[in-house]
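Produce the complete structure using the sequences and hints provided.
Letter by letter, the sequence shown follows residues 1 to 347 of the working numbering.
The set of hints was computed from the structure by calculation and includes no laboratory data.
A virtual CB, placed ideally from N, CA and C, is assigned to each residue, including glycine.
It cannot be assumed that every hint is accurate.
[Stated by the list, open to error] Label pairs and their calculated CB-CB ranges:
#, residue 1, residue 2, range
1, Gln-176, Pro-54, 56 to 66 Å
2, Asn-248, Leu-79, 47 to 57 Å
3, Ala-253, Ala-19, 38 to 48 Å
4, Pro-336, Arg-218, 37 to 47 Å
5, Leu-127, Glu-99, 37 to 47 Å
6, Asp-147, Gln-176, 45 to 55 Å
7, Ile-325, Ala-253, 50 to 60 Å
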Amino acid sequence: SGLAPFQRLAQLFADQRIARPLDAPPFFGGAVGYLSYDLVRQFETLPSLASAHPIVPDLEFAFFDLVAAVDHTCNHLVLMYCPPLTRFLGESREQLFREGRDRLAAFEALLTQPDAGTAHPDDLAPLTFTPEQERSAYMQSVRRCQDYIAAGDIYQANLSHRFAVNCAALRQGPLQADLSAYRRLRTLNPSPFSGLLRLDTIRLISSSPERLVRLEGRRADTRPIAGTRPRGKTPFEDERLVAELQANEKERAEHIMLVDLERNDLGRVCRFGSLRVDEVMTLEQYSHVSHLVSHIAGTLTEQATGFDLLRAMFPGGTITGVPKIRCMEIIEELEPVRRGPYTGSMG
Numbered sequence: 001s002g003l004a005p006f007q008r009l010a011q012l013f014a015d016q017r018i019a020r021p022l023d024a025p026p027f028f029g030g031a032v033g034y035l036s037y038d039l040v041r042q043f044e045t046l047p048s049l050a051s052a053h054p055i056v057p058d059l060e061f062a063f064f065d066l067v068a069a070v071d072h073t074c075n076h077l078v079l080m081y082c083p084p085l086t087r088f089l090g091e092s093r094e095q096l097f098r099e100g101r102d103r104l105a106a107f108e109a110l111l112t113q114p115d116a117g118t119a120h121p122d123d124l125a126p127l128t129f130t131p132e133q134e135r136s137a138y139m140q141s142v143r144r145c146q147d148y149i150a151a152g153d154i155y156q157a158n159l160s161h162r163f164a165v166n167c168a169a170l171r172q173g174p175l176q177a178d179l180s181a182y183r184r185l186r187t188l189n190p191s192p193f194s195g196l197l198r199l200d201t202i203r204l205i206s207s208s209p210e211r212l213v214r215l216e217g218r219r220a221d222t223r224p225i226a227g228t229r230p231r232g233k234t235p236f237e238d239e240r241l242v243a244e245l246q247a248n249e250k251e252r253a254e255h256i257m258l259v260d261l262e263r264n265d266l267g268r269v270c271r272f273g274s275l276r277v278d279e280v281m282t283l284e285q286y287s288h289v290s291h292l293v294s295h296i297a298g299t300l301t302e303q304a305t306g307f308d309l310l311r312a313m314f315p316g317g318t319i320t321g322v323p324k325i326r327c328m329e330i331i332e333e334l335e336p337v338r339r340g341p342y343t344g345s346m347g
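Here it is in structure tokens:
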């Protein structure tokens, strides 16, 4: 069935559920993984036109009971051992305590070993990016999107263009290469949802400013980003670009369309009357760009689960367009390669 992957995940989450320690950081153990953009095929009917290369799982998660959490504000490191609650039913607390003590001690010893050393970003060879389609072909796809807009099929679409990178420039072993690439991306484009995820079948490096969705208790929220301008080279130019962004009728119209889309998606699983749009087109600025951001929140219905929430929101409208399903059909038609984890979600 269309819900099979989420049903399986829900079962695993229930089996591996852990209790939240007092004063715990946001992540203190449990599942970490990703949902591929193409996972949407599990619950929406889309054409199969683009090639799936490289072939990667639609989703992959790993479960962790040992965590090192760093508070960068306070420069504080916390090591935690949080076994699944099911283990407390069949094993003594003393045994679990001894296991936790021993594993935390071994973890601390590992973390305090001298750093083997990694190359500084400035010492590495330049990265070479190669587009996977010619510019002329991409621009033809853009014009085709414009035709769909003129015909009334869609209001806006988010068309992507994939590049391949020469990994030989990253040098060293697999872990060092991943860390080098992540450091270089963080240096070039620091973002609030940057991350490096190393799983059995894939390595993901992200520098995203956008959260798809968050659930705390029964309260769910999302912060769609739509509307972007580059940062100015001077304070005066920066102010001019921001003013132009905030006054641009096209950017404002597209943003409101996406807010309506995200509000409707969130409303599918939230209590009637609980939805609030408490920020509209707030300015957020990063090292290279300025964005317009809104915030939408609501309270889940008694019947809805976190997986119902994911299914309702995934993938985010800001990376598809409006209306979502028709835009995804057009993306499948015009993009030569399936997106895979790109524009999916990780966390």
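Quick rundown of the hints versus the structure:
1. Gln-176 to Pro-54: 56 to 66 Å: Since Gln-176 and Pro-54 have Cβ atoms about 22 Å apart, the given range 56 to 66 Å is violated.
2. Asn-248 to Leu-79: 47 to 57 Å: Roughly 48 Å apart at Cβ, these two residues keep to the hinted range, so it holds.
3. Ala-253 to Ala-19: 38 to 48 Å: holds, 47 Å
4. Pro-336 to Arg-218: 37 to 47 Å: Since Pro-336 and Arg-218 have Cβ atoms about 42 Å apart, the given range 37 to 47 Å holds.
5. Leu-127 to Glu-99: 37 to 47 Å: Holds - the Cβ-Cβ distance for Leu-127 and Glu-99, about 43 Å, lies within 37 to 47 Å.
6. Asp-147 to Gln-176: 45 to 55 Å: holds, 47 Å
7. Ile-325 to Ala-253: 50 to 60 Å: Because 21 Å falls outside the window, the suggested range is violated.
Of the numbered hints listed earlier, those contradicted by the structure are 1, 7.
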